[in-house]
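J.: Sequences and hints are given; from them, build the entire structure.
2 protein chains.
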Amino acid sequence: MKGIVLKSSGETAYENISLNPPNSDECQISLTHSALNHRDLWIILGKYPNIKFPVILGSDGIGSMCQEGFIINPGLLWGADPTHQSDKFEVLGMPTNGTFATQINIPTNALFPKPSHLSDIEAAALPLAGVTAYRSLFTRAKISPEHKVLITGIGGGVALFGFQFAKAIGCQVWVTSGQNLKLQKALELGAEGGSLYHDEAAFKSMAKEVGGFDIILDSAGGSNFDLLTKQLKPGGTIVFYGAGQGPITHLTAANVFWKQLNILGSTMGSPSDFSEMLLFVEKHKIKPIVDSVFPLQDFQKAINRMQDGEQFGKIVFVH
Amino acid sequence: MKGIVLKSSGETAYENISLNPPNSDECQISLTHSALNHRDLWIILGKYPNIKFPVILGSDGIGSMCQEGFIINPGLLWGADPTHQSDKFEVLGMPTNGTFATQINIPTNALFPKPSHLSDIEAAALPLAGVTAYRSLFTRAKISPEHKVLITGIGGGVALFGFQFAKAIGCQVWVTSGQNLKLQKALELGAEGGSLYHDEAAFKSMAKEVGGFDIILDSAGGSNFDLLTKQLKPGGTIVFYGAGQGPITHLTAANVFWKQLNILGSTMGSPSDFSEMLLFVEKHKIKPIVDSVFPLQDFQKAINRMQDGEQFGKIVFVH
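Chains as they are written, first to last, in this note's numbering: chain C, 1 to 319; chain F, 1 to 319.
FYI, nobody ran anything at the bench for these hints, they're computed from the structure. It is possible that part of the hints are untrue.
Chain F is nowhere near these chain C residues, computed Cβ spacing over 10 Å in every case [to be verified]: (1) 18; (2) 46; (3) 259.
Computed cross-link-like contacts, DSSO-like style, restricted to lysine-lysine with a CA-CA straight-line distance of at most 27 Å [stated by the list, open to error]: (4) 142(F) - 259(F); (5) 88(C) - 208(F); (6) 233(C) - 287(F); (7) 88(C) - 259(F); (8) 259(F) - 142(C); (9) 259(C) - 185(F); (10) 230(F) - 47(C); (11) 52(F) - 142(F); (12) 259(C) - 230(C); (13) 230(C) - 208(F); (14) 142(C) - 204(C); (15) 52(F) - 88(F); (16) 233(C) - 167(C); (17) 148(F) - 142(C); (18) 52(F) - 259(C); (19) 233(C) - 204(C); (20) 52(C) - 259(F); (21) 47(F) - 167(F); (22) 287(F) - 148(F); (23) 148(C) - 204(C); (24) 259(C) - 259(F); (25) 142(C) - 233(F); (26) 208(F) - 167(F); (27) 301(C) - 185(C); (28) 47(F) - 233(C); (29) 148(C) - 88(F); (30) 47(C) - 259(F); (31) 204(C) - 88(F); (32) 230(F) - 88(C).
One side of the interface only, derived from the structure: several residues of chain C facing chain F at Cβ under 8 Å [stated by the list, open to error]: (33) 42; (34) 240; (35) 241; (36) 258; (37) 265.
This one's a predicted model, so the numbers in the text were calculated from it and none came from an experiment. For glycine and all other residues, C-beta sits at the position ideal for the given N, C-alpha and C.
T.: In structure tokens:
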């Protein structure tokens, strides 16, 4: 088999690998498509905990066994508690070998039927970003149709799924981005409005016009986080699944307690989050937004595109 | 009638006041006891929003009408949404005239029967701190008996009610304080352990021994808040109803999202929080911890005691 191997920090190679036979609780499937996540980039850059070498990268993937198609739940060993993952929890691609390969040994209970309305390319784009968005909005923030929702950093995988999921249940959704072009694309997809996140005046003016948000989905953190919490309505919720801009540098505590706000952390999702997400996507006929498709051997080109922040939607690989 | 009037910032006086007749939705009751909250101190010091002069101070009070005893819900005009107060919400004592007086005009629906197991002094100590602790732990943090709970700043009114309420349902409770004497008193009341909050090593060592907390009840905020969140178990909750140490200056975002934490703001409580709190106190025969009792005309002595941070429990006035 062939795959993308992380050999040392910053160094990947597309090479031949020999795969061990599967364990008794695993099966071996042929992977036909996979997709890139920011997590892969952070791992390559060494900005992720517990990195080891060599590892086959990749969390998202679909494949087949005996002519049947499967979509893979990338989160293994979640554990029994729905409120949080166990300390054995792992995501495919680090430290366990991942999906950027032509084959994988995978626990049988991580295989789910592929949603029937999706192409292979669309299905490959769904797993990690889809479950992260689903858990954040439904399991954690308890989103419902009357909520006014803000999605920051539109264009990223989780942000776009969050956008589509919230729209699917009937929410009005606003967005922010660092790029006007991405705001424009989001408006075409049905966003009520958008503003550049580094233009504080424009952002505040949009939030004021909306009358405040019920739910904000964020993955930036950093120095902007406090400003976001101030645009929440009383009783509102900000849920975040990452902190691309680093630690939260300031939080106006009185705003949080007086307005009875909820600040919720979320990451990945449980097996039941994953299966609920698949049902939701199937029910609402949601089609993942695909930015671009690369052959797996052009991995570096895909990484460069993500690193430049140009993508709007998922970057998918054909194996 | 006589009462404590805030005449200007920092200036209070015990003086004769003429009371208007009650409105159609109000009744006039004789107040026999009241109790001090930090809120009163902050209002006197000008550290509270929307201050006006002159106002009769005081949020906590009990009284009687036609020989029947009542306890007063100090939160008026909460509104219809249980998740947060309306923008009309007021707490007795600013800007509405409060309970540090021999009489008050009060909306009929703010009067509740006094819990039968409490003395007048104990009952007067209950309202604002009791409902704040109850909402924080039950309505917001969804406390349950298996939870390991940390209460910071033990000795304050809300902290002590939080301590008593958590103990009443069977939780193990740990505490922090700035004073060894208060830790000692909490241990005598059944705390599992305690540490000085400015002794970071001792605090971390206590938290490590516990194995992390499920729920933390805090009202300090400030630079210590991040350290608290790091002592939460995965899936844990920190709920805070104040920020005596000012804004939160740093929050390790990755700790919050990776551990699926909940950071919840809470303040005061709804009418249903208040009535549930009264039923809970009655059911568990909880007796408020009273630090000291003053005649109302010795108001300044009581304020001095609170300002010195010496009290352990509520400071109560006899009118």
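J.: Indicate, hint by hint, whether the structure satisfies it.
T.: These are the hints, each one checked on the structure:
no. : hint            : result
1   : 18              : holds, 34 Å
2   : 46              : holds, 15 Å
3   : 259             : violated, 7 Å
4   : 142(F) - 259(F) : holds, 18 Å
5   : 88(C) - 208(F)  : holds, 20 Å
6   : 233(C) - 287(F) : violated, 37 Å
7   : 88(C) - 259(F)  : holds, 13 Å
8   : 259(F) - 142(C) : holds, 18 Å
9   : 259(C) - 185(F) : violated, 33 Å
10  : 230(F) - 47(C)  : holds, 20 Å
11  : 52(F) - 142(F)  : violated, 37 Å
12  : 259(C) - 230(C) : holds, 9 Å
13  : 230(C) - 208(F) : violated, 34 Å
14  : 142(C) - 204(C) : holds, 25 Å
15  : 52(F) - 88(F)   : holds, 16 Å
16  : 233(C) - 167(C) : holds, 19 Å
17  : 148(F) - 142(C) : holds, 25 Å
18  : 52(F) - 259(C)  : holds, 22 Å
19  : 233(C) - 204(C) : holds, 13 Å
20  : 52(C) - 259(F)  : holds, 22 Å
21  : 47(F) - 167(F)  : violated, 33 Å
22  : 287(F) - 148(F) : holds, 22 Å
23  : 148(C) - 204(C) : holds, 15 Å
24  : 259(C) - 259(F) : holds, 24 Å
25  : 142(C) - 233(F) : holds, 22 Å
26  : 208(F) - 167(F) : holds, 21 Å
27  : 301(C) - 185(C) : holds, 23 Å
28  : 47(F) - 233(C)  : holds, 24 Å
29  : 148(C) - 88(F)  : holds, 23 Å
30  : 47(C) - 259(F)  : holds, 18 Å
31  : 204(C) - 88(F)  : holds, 24 Å
32  : 230(F) - 88(C)  : holds, 19 Å
33  : 42              : violated, 11 Å
34  : 240             : holds, 6 Å
35  : 241             : holds, 5 Å
36  : 258             : holds, 5 Å
37  : 265             : holds, 4 Å
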